[in-house]
Each structure stands twice: as structure tokens, then as C-alpha cells.
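Respectively, the protein sequence lines represent chains A and B.
Numbering-wise (our numbering), the first sequence opens with residue 1 and increments by one.
Numbering-wise (our numbering), the second sequence opens with residue 1 and increments by one.
Treat each hint with caution, since some may be false.
[What the hints assert, rightly or not] Which residues of chain B face chain A? A few of them, derived with a C-beta cut under 8 Å, are:
#, residue
1, 17
2, 18
3, 43
4, 46
5, 53
6, 54
7, 89
8, 103
9, 111
10, 112
11, 114
[Said to hold, decoys possible] With beta-carbon atoms standing in for the labels, derived distance ranges:
#, chain 1, residue 1, chain 2, residue 2, range
12, B, 3, A, 59, 44 to 54 Å
13, A, 41, B, 58, 37 to 47 Å
14, A, 38, B, 54, 27 to 37 Å
15, A, 61, B, 56, 34 to 44 Å
16, A, 18, B, 8, 37 to 47 Å
17, B, 68, A, 113, 23 to 33 Å
18, B, 30, A, 8, 32 to 42 Å
In case anyone wonders, no lab produced these hints; they're calculated from the structure.
Source: prediction; values computed, not measured.
For every residue, glycine included, the Cβ atom is placed at its ideal position computed from N, Cα and C.
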Amino acid sequence: DTEVTQTPKHLVMGMTNKKSLKCEQHMGHRAMYWYKQKAKKPPELMFVYSYEKLSINESVPSRFSPECPNSSLLNLHLHALQPEDSALYLCASSPSGGVSSYNSPLHFGNGTRLTVT
Amino acid sequence: GDSVTQMEGPVTLSEEAFLTINCTYTATGYPSLFWYVQYPGEGLQLLLKATKADDKGSNKGFEATYRKETTSFHLEKGSVQVSDSAVYFCALGPPEGGSQGNLIFGKGTKLSVKP
């Protein structure tokens, strides 16, 4: 079982809908990440939160809005998405506030499969 | 800029065959190197890692050695099982102390193991 929990597992939404993806970890990790993965492609980094502050935004369109209410939770708010935004959205966390160390690999959730119609 | 090149898949093997998935990288400095595995319907899991030249990462019978002279980190397993069927991603990360968010993934190699 993954220690990073993502809900929902699947989401279908229209282009005018507003929805949110949720991610939760209770490992005491201080960095959390959103990735987007299209079919047969590697994950692409979207956002990084370090100690609950947004530290990296990879030029993501404003229709994606991240939120980190506390150190255990990470949300991704979705509004006015396009069909090309359909993908697997992966959340990940790491122990050391976004700083690499030998003992701080990324822990991924199983993702939310998003379909925009 | 930094990059990772992975052998194209898919790779199809019979059970108990030997596996090699090639990975080479281009980077400045002394990056860390990782192999992640993605089973169907799941997120990515760290399989193994190495943080300096000549380090060997190993896990679940898989091995990879950080070769600075050939800028490679090839994944090997002596005897694959059907349960190893998955997509394998080679990744390049920052050195110790760098920003973890700068992980660079290869394109992934799909492995199918037949009984």
C-alpha cells in the first residue's frame, strides 16, 4: 500500500466544472509535489511545496491552482480545464523539505486519472 | 542542459531471462541517479538509487552501477519474473543538498515478461 493517498482515483469533468484533487501523507514529510503524466510518457513536474510554501511552479496555466493547507495535505484545484489536460495526476512527497539527500527519495501516490470532456 | 536517455521499449522477455535496460545521462556536476518502477494502474516507486560514482544500487534482485566514465546507470536483473512487468524510468536528480524538485526522468521502458 502506498503511504501517499490520493483521492479520487478517477474523475471525469466538463470544461466548465470546478473540481479538486486531494493528496495526503502522514510520514512527516516536508515537501510535496504535483506531477502530470500523459499516457506512455514520464511524469512532468507541475508544483513543489516546501514547508507549506510554494517553491516551484513550472509555468503551469492558472486553471490549475495548488494549495497546501498544512504539512500533510496538498490540493490541486481545477477550473475551466481543456480536453488536453486529461492525464494521470500524481502527488509525491519527500522528507527533507525539497532538498535532496540519500535518505529522501520521492514517495508517489497512485494518482488521479482525470478525463476532461 | 541535463538529460536522461533510456532505451526505447517495449521489451518482451520470457520468465527467468536476463534483463538489461540501458540508461545514459548528460549532466554538469555530480548528480544522483535513480530507477523508478511504475506497475499498471499505480504511481511510481523508487526501485534503487546511487549518489556517487561507482556506487551500486540494488533492490528486489535489480542492480545498477553509477559509471561516471561512461555516464551510464544501466538496470540489470539476472532472472526476471512475470511480476516484474512494469514501466521502468531512469531519473537524474540533484547531488546531495540540491533541490529535489529538479528530478529529470527518462521516457520510460515498458517491460513485459511472459510465463
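Inset, instruction - Would you list, in rising numerical order, the hints stated earlier that this structure does not obey? - result: 1, 2, 5, 6, 9, 10, 11, 12, 13, 17
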